[in-house]
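Novice: Once you have looked at the hints, place chains B and C on chain A.
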Amino acid sequence: MTDAATNMRLKLPITCFILQIILIILFGAVVKYDHETDAKAWHNMTESGHSNYDNDFYYRYPSFQDVHVMIFVGFGFLMTFLQRYGFSSVGFNFVIAALALQWATLMQGFLHGLHGGKIEIGVESMINADFCTGSVLISFGAVLGKTSPVQLLIMAMFEVTLFAVNEFILLSALGAKDAGGSMTIHTFGAYFGLMVTRILYRPNLDKSKHKNSSVYHSDLFAMIGTLYLWMFWPSFNSAITAHGDDQHRTALNTYYSLAACTLSTYAMSSLTAHDGKLDMVHIQNAALAGGVAAGTAGEMMLTPFGSMIVGFLAGIISVLGFKYLSPILEEKLKIQDTCGVHNLHGMPGVLGAIVGAVTAALATRDIYGDGLKDVFPDVAKGDVEASFQGVRQAISLAVTLGIALLGGLIVGFILKLPVFGAPPDTLCFEDDVYWEVPGDEAGHEDQLTTVRTEESEKLNS
Amino acid sequence: MTDAATNMRLKLPITCFILQIILIILFGAVVKYDHETDAKAWHNMTESGHSNYDNDFYYRYPSFQDVHVMIFVGFGFLMTFLQRYGFSSVGFNFVIAALALQWATLMQGFLHGLHGGKIEIGVESMINADFCTGSVLISFGAVLGKTSPVQLLIMAMFEVTLFAVNEFILLSALGAKDAGGSMTIHTFGAYFGLMVTRILYRPNLDKSKHKNSSVYHSDLFAMIGTLYLWMFWPSFNSAITAHGDDQHRTALNTYYSLAACTLSTYAMSSLTAHDGKLDMVHIQNAALAGGVAAGTAGEMMLTPFGSMIVGFLAGIISVLGFKYLSPILEEKLKIQDTCGVHNLHGMPGVLGAIVGAVTAALATRDIYGDGLKDVFPDVAKGDVEASFQGVRQAISLAVTLGIALLGGLIVGFILKLPVFGAPPDTLCFEDDVYWEVPGDEAGHEDQLTTVRTEESEKLNS
Amino acid sequence: MTDAATNMRLKLPITCFILQIILIILFGAVVKYDHETDAKAWHNMTESGHSNYDNDFYYRYPSFQDVHVMIFVGFGFLMTFLQRYGFSSVGFNFVIAALALQWATLMQGFLHGLHGGKIEIGVESMINADFCTGSVLISFGAVLGKTSPVQLLIMAMFEVTLFAVNEFILLSALGAKDAGGSMTIHTFGAYFGLMVTRILYRPNLDKSKHKNSSVYHSDLFAMIGTLYLWMFWPSFNSAITAHGDDQHRTALNTYYSLAACTLSTYAMSSLTAHDGKLDMVHIQNAALAGGVAAGTAGEMMLTPFGSMIVGFLAGIISVLGFKYLSPILEEKLKIQDTCGVHNLHGMPGVLGAIVGAVTAALATRDIYGDGLKDVFPDVAKGDVEASFQGVRQAISLAVTLGIALLGGLIVGFILKLPVFGAPPDTLCFEDDVYWEVPGDEAGHEDQLTTVRTEESEKLNS
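Chains as they are written, first to last, in full-length UniProt numbering: chain A, 1 to 461; chain B, 1 to 461; chain C, 1 to 461.
Here chain A stands alone, though its shape is the one from the complex:
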């Protein structure tokens, strides 16, 4: 079923080897342990009074592991809903992520500031690298089933770079806050991916239409992804906030936002079906929108009440998007968004950015006390008014949309070059193009054999 064009035997190894060897050389040249992972540096600190417990490892490593599960199992299995694309969903997710987290370490390290010409790394940089990787995997969701692994690795390299630039502009240049990444991760990843899939538009994709759907067990595998994303989202949003009340509050806000979102998702899924039956696509995706929408404001004094309203709205918007907007986007705008990332990451990300801007604009010292310096350091220092912090947040959303769309446009055209082994229209959503695929259940074949035998007997009788 593989022809020369999609044969990866040279393309994939060359891409992987070259990229990995470049990464190793660059790591050798510019990366070093930070003061908490370096034996000498840390022991100098403990001798000057720090306890081992002050090591950021103990503050952040449990959150990191949850984020790591979201990236590899959460995103990976969420995309296994397609009937014949499970190997690619999990497997390409795996290799893209393994590449992206290395490149992200370099790009983010370079832009977040060098130390004596070196990038210093530790658990916080590992979380940030995973976050950046998450953004790439969102874009992967938009083009799922229609790209070769080489295209995906190339996309990852470009997208990580642009992600780091956008993140730098938002957090460092503009002074915006976005701990859980409503803007930097979700909005960016979604609109970048949507633009890429727009450029890669396939007018004859309906030739693979029968494979662009789920089967019973593939939907159950996808629920593994959904649930891990849902359960660990509180860790995601709180992973790099300030220590103490900030991590604690962010986890709590996200927890209630997701709970409310789940109820509104079930309600809307049933309401929008003519026979009132729940749709797995909504449950798998829209129930997560509450985590996306709490990404910016989660660390702020959003209150549980505010968090629940945000989650409630996010679930409604997301189901409506899947039901009514996605078909329009595909038909009118030629955006073939396989996983519906616009509904899970795009619109809820924008909602989260707006909620963040409003919540920031309403911040006062009366509400935050001395905690203001953790959440809004510039406001606490008196450099800016809270209302201006809100404006910064809003500008950040606009910048993110701009860079994502423009970046996606350019990268889309690069990926369109006919050298990367993209699958033909007839073989989209099909593992067999790039994977050795075994047969199906032995049991069934036995049964089928039985059927055949019985028939033969009947026919011969």
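Don't read these hints as lab results, they were simulated from the structure.
Since this is a predicted model, take the numbers as computed values, not measurements.
Treat the hints with caution; some may be incorrect.
Which copy is meant is left open, because identical chains are indistinguishable; a pair holds if it fits in one copy or across any two.
Unchecked claim - In silico EDC-like cross-links for lysine to aspartate or glutamate, where the CA-CA straight-line distance does not exceed 16 Å: (1) Lys40 <-> Asp366; (2) Lys207 <-> Glu47; (3) Lys373 <-> Glu385; (4) Lys323 <-> Asp383; (5) Lys373 <-> Glu47; (6) Lys11 <-> Asp275; (7) Lys40 <-> Glu120; (8) Lys40 <-> Asp370; (9) Lys207 <-> Asp370.
Specialist: Just chains B and C now, kept in the frame of chain A:
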């Protein structure tokens, strides 16, 4: 396959929306951050000498995440063993839990004590809300396959309320200890659910009998649930015990109880089968009984030796229950207990309560040292004798059984009202009633098509 | 399909009960809480100035839980790739591990030093017990599909004992370092298992050949195991290193080693296939070799650069092993290595040991500062030169290989005794020998029924 009675298009959205909007309003009115999630309050504490590490987040959040996984993946996938009920098992588990944890926050917060008329929340209340949710999911296991989502949401609201009342009586009024919830969670959830399923008795359930069993892959999905419950049970039992040795010891006791339980489960499963073959039902369920049975005494000085005896017995009792008691309960008492919660949560919960009472009665300052004030504060203060603490524990078991059975009776009758869209006897254990269900494996259909084609050719030849 | 020889009705229960009762008695006789799990002892410490946070529980419990997931879900599901051996893979993994961790507690406790004639246990001993269990599960991978549960339990008892002896020689007698167990866990488990499977060689195993392969969904289940092993390997390698920079650095090194390994695995998998298609066997296994190979040097100042080179090489070696070496081992050396543990644990373990020896030999106080005493205490004290520490490491590898091969030889012959109910050659890789196995998908049977009906109609027309 859906008729008007089971059409959820109005019932489910209305139920979800009304309940969620009430919850949002109540959260707005009475819920606030506690002193560890509130920016101002926590920073007042750090300025008066507390370190960020004193924030309870760092003591409990890793345990919380494990508990969270047990609730959503553990319970959810454990129930996917049914061949055509995987969507409902995972999906209803999801929405019930998302509702229950919100309502539990309010009910438990109200009964555990208001602060200036407000409920204060943080990681400990989140764990408690998840615990209460666990109890509802146990009851869900008893009625699995025979109820509509609306019935389940209604049941959750009532059960959470009664759970909070029972928990208040046990822990606050009676002064019992039950950190891992042998009584409050497992015994309560099991007997409540058993009574509900008794009231909802379906004499003609055998019309759906062929669907009330597993298939090969559904049993593997269920093992995902089993293993996550098993692995994280040490976190469950230790999640809200006192800091330090208490959390540490509880996790250790539970670890060894579960290990011993697993061996006795395998032994009994093989021993009770005429051909010595292991039964997945036992492995999936009975191997967990050691965690249930260590729920009360786990935080006490039970010793590893004691923990292993408890686990060993729990496994034996549980397998015997599945093999010999469940059929009797169904035939004689008309209790149709789909998941056998009586064997996993009911009897082991009672065993755990008894072990807890005995262990408490044997407590001495010589054994516990100053740790006595963490585990048995009233005994440490000299308010009561250890033997009386044992009596308190025994009374607590009786109270729990009483409230669970009476509560289940009343709630069962409410759920019997013919307005909630329960499935007909012929369509129990069937996702298709409430879900859009896709076809099965594409590969197979292809093969079947092949079969059909071959046959046609043969027939036409 | 079960005959008398493989009937487990007496053998399995007797084995489980006797072993478990012996374990309980021994635990009662010699095991007690350590000073951090004992109420009195810990409270004596807190009163003399320790904070609850100093309790090792908070330093290690999150790592322990990750390790626990690797043991039960990681190893268990990794082996579900076989089409009809999922119950046994997950289920035997479960019971072996539950036994092994108890026995390991005793063996390791006995050899690591008694306290007043007692073994003291806490979270660190739990991690060590899980580590030892991991080694047994690696050996299980070599004999997968060809052994009865009784054989496996017997093997576990012997292997745990030998593991503890080898570990004692390496860490205590020789003074080697091996925090993540490249030698003690991976090399030992692999070569022990390979020798056992050599002794149990089945010349007629090709009678079960058609079952010794995967089907579509079994490969997806296996990816659950792979990903949990991959994600949590940083926790595995860092779980028992010294607090502070050591845990932090080890996790970081492992993270980058695995990322680089994943890229080289994908490259090699595609490169070695004539049509360039990726092979799930490689992805599921070789991508993990980077974690194995970082097991010894991970805690050292390997640098991210060094870690990536190690991971990169490990992936290449592992894929080459699967592709070219395993067939030779099977044909020439009669080693039937079901899971290819030689490629995932054997060769990468040896690589890791060598990397550890070299890195140790290069250690200087200039690089490690005062951290030298954590990683190489004997070097820091001036008892030995760094170069001699390297020699110690190399000797440790040789000792490990010797004990593993000799131990596997002896245990292999014990397991060959024809009393343990091993499956016949025709029924290897088949759950049905030891498990009640349900049918396959209901949906399919319905469809098949339809086919049959249609045919009957056609035939009758």
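Novice: Please go over all the hints and tell whether each is borne out by the structure.
Specialist: Right, here's what the structure says about each hint:
no., hint, in the structure
1, Lys40 <-> Asp366, "between (43 Å within a copy, 8 Å between copies)"
2, Lys207 <-> Glu47, "neither (68 Å within a copy, 66 Å between copies)"
3, Lys373 <-> Glu385, "within (13 Å within a copy, 50 Å between copies)"
4, Lys323 <-> Asp383, "neither (45 Å within a copy, 63 Å between copies)"
5, Lys373 <-> Glu47, "between (29 Å within a copy, 13 Å between copies)"
6, Lys11 <-> Asp275, "between (48 Å within a copy, 12 Å between copies)"
7, Lys40 <-> Glu120, "within (14 Å within a copy, 33 Å between copies)"
8, Lys40 <-> Asp370, "between (34 Å within a copy, 6 Å between copies)"
9, Lys207 <-> Asp370, "neither (61 Å within a copy, 65 Å between copies)"
Of the numbered hints stated above, those contradicted by the structure are hints 2, 4 and 9, listed in ascending order.
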